[in-house]
Every structure is written in C-alpha cells, then in structure tokens.
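Residue numbers (our numbering), protein chains in the order written: chain A, 41 to 965; chain B, 4 to 146.
Where hints are given, some of them may not hold.
Unchecked claim - Just some of the chain A residues that point at chain B, by a computed CB distance under 10 Å: (1) Lys60; (2) Asp109; (3) Ser174; (4) Val244; (5) Phe315; (6) Leu701.
Claimed, not checked - Per the computed footprint, the stretches of chain A lying under chain B, defined by three or more beta-carbons under 8 Å from a beta-carbon of chain B, are: (7) 198 to 204; (8) 207 to 218; (9) 348 to 355; (10) 381 to 393; (11) 635 to 643.
What the hints assert, rightly or not - The following residues of chain A were derived to be distant from chain B, with all beta-carbon distances above 10 Å: (12) Gln64; (13) Phe112; (14) Lys130; (15) Arg175; (16) Asp252; (17) Ala405; (18) Lys409; (19) Phe422; (20) Asp473; (21) Pro535; (22) Leu646.
No lab work stands behind these hints, which were simulated from the structure alone. Every residue, glycine too, gets a C-beta built ideally from N, C-alpha and C.
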Amino acid sequence: MSGPSLMDSLFQRTLEDLIKGLRQQLIGEQAFISKALEEIRKEIKSTDLSTKSTALLKLCYLSNLHFHDMSFAAFHALEVLSSPRFSHKKIAYHAISLSFHDSTPVLLLITNHLRKDLTSTNEFEVSLSLQCLSRIANVDLARDLTPEVFTLLSSNKLYVRKRAVAVVLRVFEKYPDSVRVCFKRLVENLENYDPQILSAVVGVFSELACKDPRSYLPLAPEFYKILVDSKSNWISIKVLKIFAKLAPLEPRLANRVVEPICDLMRKTGAKSLLFECVRTVVTSFSEYESAVRLAVEKIREFLVDEDPNLKYLGLHALSIVASKHLWVVSENKEVVIKSLSDPDPNIKIESLRLVMAMVSEHNVAEISKVLVNYALKSDPLFCNEILGSILSTCSRNVYEIIVDFDWYVSLLGEMSRIPHCQMGEEIENQFIDIGLRVKDVRPELVRVARDLLIDPALLGNSFLHRVLSAAAWVSGEYVEFSRNPLEFMEALLQPRTSLLPPSIMAIYIQSAFKVLVFCLHTCFVRGGSTAGVSASASYESFDDLSVENGADSTVAHGQTCTSAPITNESIVNLLKLVELALSPLLGSHDVEVQERARNLLGFVDLIKLEALNSSGQEENDSERKGVEATKIIRLVHDAFSKELGPVSLTAQGKVPVPDGLTLNENLGDLETICGDIELPSSNTFSFGYPSEEKDVSSFSNLQIKEDSGQSNESTSLLAEHRKRHGLYYLPSGKSEVISNDYPPANDPALQGDNNDNASDLVKLTAESLVPKRKPNHSKPRPVVVKLDEVDEKPVAVKQLESRDDSLSGAVRDILFGSEDILPTSSRSNLPNSNRKGKKKQHMITQVESKENVVDDGNSSSRRRKDHSHGKERRHRKKNAEERNETDRKEKESSSNHPRRHKSRQRAEEPLKVPPQTSVIPDFLL
Amino acid sequence: MGIRFILMVNKQGQTRLAQYYEWLTLEERRALEGEIVRKCLARNEQQCSFVEHRNYKIVYRRYASLFFLVGVDNDENELAILEFIHLLVETMDRHFGNVCELDIMFHLEKAHFMLEEMVMNGSIVETSKANILSPIQLMDKAS
Numbered sequence: 041m042s043g044p045s046l047m048d049s050l051f052q053r054t055l056e057d058l059i060k061g062l063r064q065q066l067i068g069e070q071a072f073i074s075k076a077l078e079e080i081r082k083e084i085k086s087t088d089l090s091t092k093s094t095a096l097l098k099l100c101y102l103s104n105l106h107f108h109d110m111s112f113a114a115f116h117a118l119e120v121l122s123s124p125r126f127s128h129k130k131i132a133y134h135a136i137s138l139s140f141h142d143s144t145p146v147l148l149l150i151t152n153h154l155r156k157d158l159t160s161t162n163e164f165e166v167s168l169s170l171q172c173l174s175r176i177a178n179v180d181l182a183r184d185l186t187p188e189v190f191t192l193l194s195s196n197k198l199y200v201r202k203r204a205v206a207v208v209l210r211v212f213e214k215y216p217d218s219v220r221v222c223f224k225r226l227v228e229n230l231e232n233y234d235p236q237i238l239s240a241v242v243g244v245f246s247e248l249a250c251k252d253p254r255s256y257l258p259l260a261p262e263f264y265k266i267l268v269d270s271k272s273n274w275i276s277i278k279v280l281k282i283f284a285k286l287a288p289l290e291p292r293l294a295n296r297v298v299e300p301i302c303d304l305m306r307k308t309g310a311k312s313l314l315f316e317c318v319r320t321v322v323t324s325f326s327e328y329e330s331a332v333r334l335a336v337e338k339i340r341e342f343l344v345d346e347d348p349n350l351k352y353l354g355l356h357a358l359s360i361v362a363s364k365h366l367w368v369v370s371e372n373k374e375v376v377i378k379s380l381s382d383p384d385p386n387i388k389i390e391s392l393r394l395v396m397a398m399v400s401e402h403n404v405a406e407i408s409k410v411l412v413n414y415a416l417k418s419d420p421l422f423c424n425e426i427l428g429s430i431l432s433t434c435s436r437n438v439y440e441i442i443v444d445f446d447w448y449v450s451l452l453g454e455m456s457r458i459p460h461c462q463m464g465e466e467i468e469n470q471f472i473d474i475g476l477r478v479k480d481v482r483p484e485l486v487r488v489a490r491d492l493l494i495d496p497a498l499l500g501n502s503f504l505h506r507v508l509s510a511a512a513w514v515s516g517e518y519v520e521f522s523r524n525p526l527e528f529m530e531a532l533l534q535p536r537t538s539l540l541p542p543s544i545m546a547i548y549i550q551s552a553f554k555v556l557v558f559c560l561h562t563c564f565v566r567g568g569s570t571a572g573v574s575a576s577a578s579y580e581s582f583d584d585l586s587v588e589n590g591a592d593s594t595v596a597h598g599q600t601c602t603s604a605p606i607t608n609e610s611i612v613n614l615l616k617l618v619e620l621a622l623s624p625l626l627g628s629h630d631v632e633v634q635e636r637a638r639n640l641l642g643f644v645d646l647i648k649l650e651a652l653n654s655s656g657q658e659e660n661d662s663e664r665k666g667v668e669a670t671k672i673i674r675l676v677h678d679a680f681s682k683e684l685g686p687v688s689l690t691a692q693g694k695v696p697v698p699d700g701l702t703l704n705e706n707l708g709d710l711e712t713i714c715g716d717i718e719l720p721s722s723n724t725f726s727f728g729y730p731s732e733e734k735d736v737s738s739f740s741n742l743q744i745k746e747d748s749g750q751s752n753e754s755t756s757l758l759a760e761h762r763k764r765h766g767l768y769y770l771p772s773g774k775s776e777v778i779s780n781d782y783p784p785a786n787d788p789a790l791q792g793d794n795n796d797n798a799s800d801l802v803k804l805t806a807e808s809l810v811p812k813r814k815p816n817h818s819k820p821r822p823v824v825v826k827l828d829e830v831d832e833k834p835v836a837v838k839q840l841e842s843r844d845d846s847l848s849g850a851v852r853d854i855l856f857g858s859e860d861i862l863p864t865s866s867r868s869n870l871p872n873s874n875r876k877g878k879k880k881q882h883m884i885t886q887v888e889s890k891e892n893v894v895d896d897g898n899s900s901s902r903r904r905k906d907h908s909h910g911k912e913r914r915h916r917k918k919n920a921e922e923r924n925e926t927d928r929k930e931k932e933s934s935s936n937h938p939r940r941h942k943s944r945q946r947a948e949e950p951l952k953v954p955p956q957t958s959v960i961p962d963f964l965l
Numbered sequence: 004m005g006i007r008f009i010l011m012v013n014k015q016g017q018t019r020l021a022q023y024y025e026w027l028t029l030e031e032r033r034a035l036e037g038e039i040v041r042k043c044l045a046r047n048e049q050q051c052s053f054v055e056h057r058n059y060k061i062v063y064r065r066y067a068s069l070f071f072l073v074g075v076d077n078d079e080n081e082l083a084i085l086e087f088i089h090l091l092v093e094t095m096d097r098h099f100g101n102v103c104e105l106d107i108m109f110h111l112e113k114a115h116f117m118l119e120e121m122v123m124n125g126s127i128v129e130t131s132k133a134n135i136l137s138p139i140q141l142m143d144k145a146s
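So that you can see chain A by itself, here it is in the shape it has in the complex (with noise of 0.2 Å):
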C-alpha cells in the first residue's frame, strides 16, 4: 500500500484551505472539487489518522454542500471512529452520520465500536454514539445495542438520558422488541420533572401516538399531568398533539381534558401554544361547543391579524373547522372572500378552499359569481385553480348542488371565455355529460353553443379547442332547438376552423353534416307538406330571443324559427358551401377528417340533384328521383335522430358472454393481419345488415347505425333488438313511458327543494343505472351509503391490522396485556404501589434489580416495589404466548379492577362508570 508520503500530510490541505479555494474558484469550481476529491482519496489510505480524519471531513464537506458521493469512504471512517482521540472521533460519527444508511455494506461492523462508546464514561461520547445510533440504527443495530441503551434509559447525567430517550424511537420503529425491554424505564422519564428529559420523552410518545394512538390511553393520566403543570410551550405542544389523538377515542377522557385546554387557551401568550390549542380543539373536541367557540374567536383574531402567517394558519384552522361547523366559515365569510385576492397564492388558494365548503345549491351562483369575477383579475394559475374547483364542485354527484341548469351552462360558456382558462377538457366533458343528462336544458345549451362556435376568435385558443368540439357536438346532436341552423352550418364550416387539430375537425364536420341533413329534412320532407311546422315545442319559450336573428325577428310566437329560413334558395347556398369548405378537406393527412368530408360531400350530391329540381318546380314530389333523395334524407334524418343516453360505465358487464366466444384467447394473431387498420371510433360502428337498396353503397358507411333498409324496418329492427336486451340500452330521454317505468331510485324527498331540471335530471340519472355507476356519477343517496359502508369496513380492518402490528402489539402488551397478572402478582406484594406500578411492573428484566437509579420528588406517592420478579417474570412470559390473540378488550376488563383502585387513589373524584361498560377504565382520572 503505496501511502501518501509523510509530505503530503504535513502540506495536507485543510477543510479551511478547501473552502477558500472554493470561493476564489481560480480554476472553476467542478475541477476545482475534482481536484480536491482526488486528494482526499489519497489521504484517506494515510496511515495517520489525523490526515485520515482532515480527509474525511472535507469529504463530508464536498459531499453535504456538493453532493458528492463518499460512500466510498465508509470504511474509512470506521477506521478513524477507532481513533482513541475525541476529536477524529467527532469527525468519524459526523461522516457516519451523514453517510451511512441501511444498506451500507460495512454498518454492522460499527457496531462494537458503538457499544463502546454507549458504555464509555465520557458522556460526550456517549451521547455521539447515541446520536449516530439515531441516524443509522437497522434492525441489527437497534436489537444488538438494546441493552446499552436501556441502561443509558436511567443515567444520572441529565445530557446523555435524554438523547438515549430520543433515541429509543428509533429502537422501537427498527426493533419492536426492544419495546419490552425499554418501554418501562420510558415511561418512568415521563415522571421526571426535569424539562429536558420531558421534552424528549413527550416528543417521542408524541411520535409513537401518532402511529397508533390506542395503545397509548394507558398514559393518559401521565400525559394530563404533563399537560396541567408544564411550564414549556414545546412539551405543552407535543401533549396537546398527543392528546389530540387519544381524545376521539375515549369521550371521558375528552371530557376532563377539555377544560384545561381551554384555560390555556385564554392565558397563554405564545402564538405557537395558542395555535396548537385551537387545533386540538378544532380537529379533536369539535363537540363541545364552548371550547369550540373559544376557538372561533381566536381565529378570528388570527385572521385579522397583519402577519400572512397567522392569516393562513386561521384559514388553515377555519377549513378543518368547515367540515363539523360550517356556520364558522359563514360568520367570517367576508375574511375568506377578500382573502382570496391576497397578494399570497398560498392564502388564496387556502380560502378558495373554504369558499369551495361553503357552497350549497342555495348559494352556488351567488359564490360562482364572485368566483368568477376573481378568476378574470387574477393570474393564470389562481384562475384555473379557482375554475377548476368551481366545477369539480358543481359537478359533484351528478350536479347535486345546481338547479337552474340554464345558468350553469351558461356560466360553463363564460368560464370558457376567461382569457387563461385552461380547463378545456372538463368543460367539454361536462357539456357532453349535461346534454346527455338533462333534457330540459338542451335548448340553452345549443345557444351557448352557438355562441362559442360563431366567434371566430375563439377557434385561435387552443385551450379552448376541447370546449369547442363539444359546443360542436351539442350543435350536431340537438340541432332541433336551434333557431337558425344556417347560422350553425355557417359557423361549423368557417375558414378559421382549420386552426382546429384534426380530431375536433373531424367532429366539425360530423356535426355539419347532422345539420345539413336536419335542414334538407326540415326543408323538403316536413317543409314540403306543412310549411312552419315548428320543430320542437320548447322553442316558444325562446321566442324572446329571437329577435337577435333578423330573419327569425318577423316570425310569429311559436312558429318555428328553423323552417322559415330555409327555403329551396338557401339550401342551395348551403351545398354550395358545404363543397367549398370540405373539397379541400379532401386532401387531408387525417384519415378521419378525410373520410367524414368525403361522408358529406358523397351525400351532398346525391341530395343535388333533388335540390336542383325542386327549386324549379316544388310540388313535383312524385319524380323518381326526387322521391329517392327525400327517402334518403328521412333515413338519415331518423338514424341521426336517435338520441344518445348516458351509458354506465359497467353496462358492459351486463351483457351475458354468447356461447362459442372465448374472450381469452390470445388475439395476438391477428394484430399481425389486420395491425393496420384504425380502430372504429364507437360511432362508426355498423351492423352491415345485406341489403337490396341500391345506394346502400353510397353512405354504407355514412356512420349510422342503420345503415340499410327502410327507416321503419331499421327502426323496428332496433327495437326488437331493444327488447330482447333492453337492460343495457338506457332508456332515451324521449320515451317518456320507458322512464316512468323505472321506480326513481332516490328518494323524491331528499331532492324535495329541486325544481323540474332537477327531478328531471334525476329521473334521467336514476333510470336504470343506478348502482352500478361510477361512484363519482352516482346521484342517489343510497349508493353513497353503500360506499361509505364499504369505505368503513377497510379501515376497521386496518386498524385491527395496525393492533397486530409488532410495535403497537408490543407497547399493548405491556400496557394491556400484562395487568391480567398484575392482581396476582403485584397486590398481593404491595397493596399500595398500585399507581404506576401497575403498567410498568409487568416488565422485568434482570436489569431491573439494580434499578433504584432516579426517583424523583413524587416518588412517595407511587413508589414502586418490583419484588416479585420470578412470579412476573413467568407470568409475562405465558402472556407473550398469548399475546398474539389476545383480544385487547378481554384484557382492558380484565384489568379493569386494579385500574379502577388506581384512580380512586389518584384523584379524588370517583367515576361512577360499570367496569363492564368501560373500554378505557377509569384511570382517566
């Protein structure tokens, strides 16, 4: 081994003179480092441990502030940690420390050199180890190391108990079985009155109370003292933490706890303390009314105040409140809403979260109003954050809270015209998602639609591209209620739609063609017979609006809008541009877009001649070809009229597997054959019935479902087949007796304060898929019973998973499980040490006989007298065999006795509670 030269380490380079050359950075500071890293590489394998150590820190150095890798230097530091000098030893521990995790190849080696120092008579390196063990300790670690740190549990020296305290946390979490060594000598530190020993024995219970907070009821008398008489902020802090979670679990316990909490509450002058109380009584106590309202009002103070701290942690406070006391975010309504333009995005995004709370079907437009007002002021992010939240809110349960549906979707229109909106995809879902739900809204929709498609600025934003293609949807899908459907072609076939992605081109024409055909239908098959039939009776409601249209301004209340306009002429124009727009869409590299504009321009001339003809001479019907072109326009009128539903998404499930149809063979083949060929989109999707109709050929693949046959035959083929399997079709929304077949599956008197949009919308989620929706779609109240049922269930078994977990099986035992003997053991020994002998005198250890170490000032009152070591001794270990099995509650009443006695004892005020009754018995004081 080729070591550095005794040169080298007189001319080492200190960690000093590396940082200096750090900052002077003559060479630049990555080959600066690597320079250095190659010196210490070399230092390291020096013999002298001092240069040995100098490396090491400096590597620590490199390595904290420049993440450098110094793994490879573990054994190197084990080296120096043997060092009988302190401070290469101090170097060692701080490199170990730092460095070393659970995968460290050498870490077991360091465990004697631990166990050294844990024993040693210097309490600094003593508490070194101790800090390192905290850091790195493993299972070998934690178990090897037990024993040392269950003495360290009761030394004299102040300095080196608490760190061995904090540290059996670790032990514990590692090494559960060190719980029955060490948890009784833990538990004796919670008595000591010395304030660094409390801090570190109530931080660590604070911890472990956290992970399973019934082991720790026990305690709870201890932890109340702690509470009552502490004088620290921090330790009264960590108690009310523990607290915070003993409390739901015990209501006795709450109730003496309480009160105290209060009180310090109103006296305390620290921000912090305070803070903590209103916590624990918001989170934990929101039962009781005066403690809650004490809380409120020191809220409110915080709310109020200057300092964005304690404005966000009022806020924060106020939204654990929401959920049990809502009135407590309406009385301070005014906070919140002005919050919300808070030059802080935290705090805006804290009370938009209460305004969110806040939101009832009485309010909501009132709120999104508000909302939305903000939303166009403030930034890009805060404004996606607030729409995204209005509408995962309205959207809730199947649009619980709405009930003027012609609002919302009219506020969907406006929201999608704030200039950084973003959230494109969910509007268009849920303007999908509404048209198909909510029948009496369609009208509206179409004209918010309208609006969105007829502005060509809009078709520029490409957020806005998703909104776009629904509103181009809904404009296809209900172009029954539309008032001027020429408008509609007019604004699906603008030049500026080729700004579109293909995929919402595609749709663009799709619904163009829906419109084209409804006109010609209009025009030629309706229009022919009876001029101004109107199209749907819904439109006389909307007969206000139409003086926005010149050509529909004349028309008289309740005729139709739609027929008036189109006239042969117009229909004219209207193939006209139908070929102008799409004949370059013709060209197009999207098969998609590609083939629908090839769909509509195939039907377009099959219709011109009929168009044609008709202009000259109307009433000539009974030409053939004219006849033929007006069967082709009602059987495509027909197929497009079919209304869509919303489909459960577990409808699929329903249909029953035909025989001979194995669906899980392996179709890897026959990706090989047919891998090139595109997916049909659902609504290509053809039953290819043969057919004798000549044209069939023509629009076969117009992407309808009947594609053949004579309207009624398809109709009534469709409806044959509806009837064998009815189950998975969703009742349309125009078959009215289909939908009063189905009883409503919610309660009418849940949604008693709905109105018709409501109900209706009710009516139309209800039918039939009812249970088996997504749970998110799921409107009735039942089934989020059901869910909740089914939520509740996996908890409980955790949490009887989380008992058989080794740490809180351990502590139970030794809190629990152990009483059963104690009766035997300790009363008949020493009648009056019954106070906190009783959960710790079941361990023992052969350490424990020379415990007599620290007792402190109340030791008179709860002396402890652990003769009986052999009985216990036995008797502990019979229970550990038990302890496996053992239900906790069998031993809580078992042991229920002594504790009762204990608290007599303790303090004076007898609870009169049946020990049978009692899950925590009376040592709750």
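Given the coordinates of chain A, work out where chain B should sit on it, guided by the hints.
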C-alpha cells in the same frame, strides 16, 4: 418524525448546510433542494412562511442573506418551528458572535453539532441556549 430536514440556503440558492433526518440519496437530495429553493426563494416578505411541498410542509425564514428552511410533517406546529428557527439563529449568534454565512461555511461541522444538540431523530430535544452551547464550548476547550 416531526422534522424531516433542515436546510440553510443563501440568496443565490446555494446550500450552506443540509441536515436530513431520513435517508435520501444524493440525487433525491439534489432534486428536493432544487425544488424547494425555487419555490421558497421566489416568495416575498409579504407572503407567509409556510409552503406545502409534496406531502409535507416547509417552514422557512430569512435572516440577512441566509434562508433557513425546515421540512416538517403536516401536523407539526408551524409557529413552533418558526420559533425553533429563531432559536437556532440566536444560538449560533451567541456562539459565533453576530453570525453570518461565512461562519456557517467555515464551521459547518460545528453548526451540525449544534443542530444535533437541539434536534434528535427529527424531534426537538433541547431548547436552552446554554445547554446547547456548553458541550460545544467544552469540546472547543478540550481540543
């Protein structure tokens, strides 16, 4: 475990001290520090000192050119952590006398040692300045 990490970062975003109470690889650390520093240093004086990040909270405070950032569990008391940061600064102030970034740079090991006196295993064990500093002074004398 209460406190998960303590960072000291200067205005330029360079880490001056990093203490983690859970093991993170160098890459994880680098990513974490980058994200946090970007998030916190962008905030101004009028904004609150708490930032939610991933599944925990960062409580930070600025002293002169140095940011003290403490990552804590969500249910940790934010105000208490602010007090802790202040205590840390006061302690270093008492030891170094008007502490500045350079003091921490050149005595990184000592700063770590002070932290170790105050925090163990992620929970605060010592809050008295005298108690924190006495072992350090003793060791200084010894060496």
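Taking the hints in turn, this is what the structure says about them:
no., hint, result
1, Lys60, "9 Å, holds"
2, Asp109, "6 Å, holds"
3, Ser174, "4 Å, holds"
4, Val244, "7 Å, holds"
5, Phe315, "6 Å, holds"
6, Leu701, "47 Å, violated"
7, 198 to 204, "holds (count 3)"
8, 207 to 218, "holds (count 3)"
9, 348 to 355, "holds (count 5)"
10, 381 to 393, "holds (count 5)"
11, 635 to 643, "violated (count 0)"
12, Gln64, "13 Å, holds"
13, Phe112, "13 Å, holds"
14, Lys130, "7 Å, violated"
15, Arg175, "8 Å, violated"
16, Asp252, "15 Å, holds"
17, Ala405, "31 Å, holds"
18, Lys409, "28 Å, holds"
19, Phe422, "13 Å, holds"
20, Asp473, "32 Å, holds"
21, Pro535, "43 Å, holds"
22, Leu646, "61 Å, holds"
Figure legend: structure checked against the earlier numbered hints; hints not met, in rising order: 6, 11, 14, 15.
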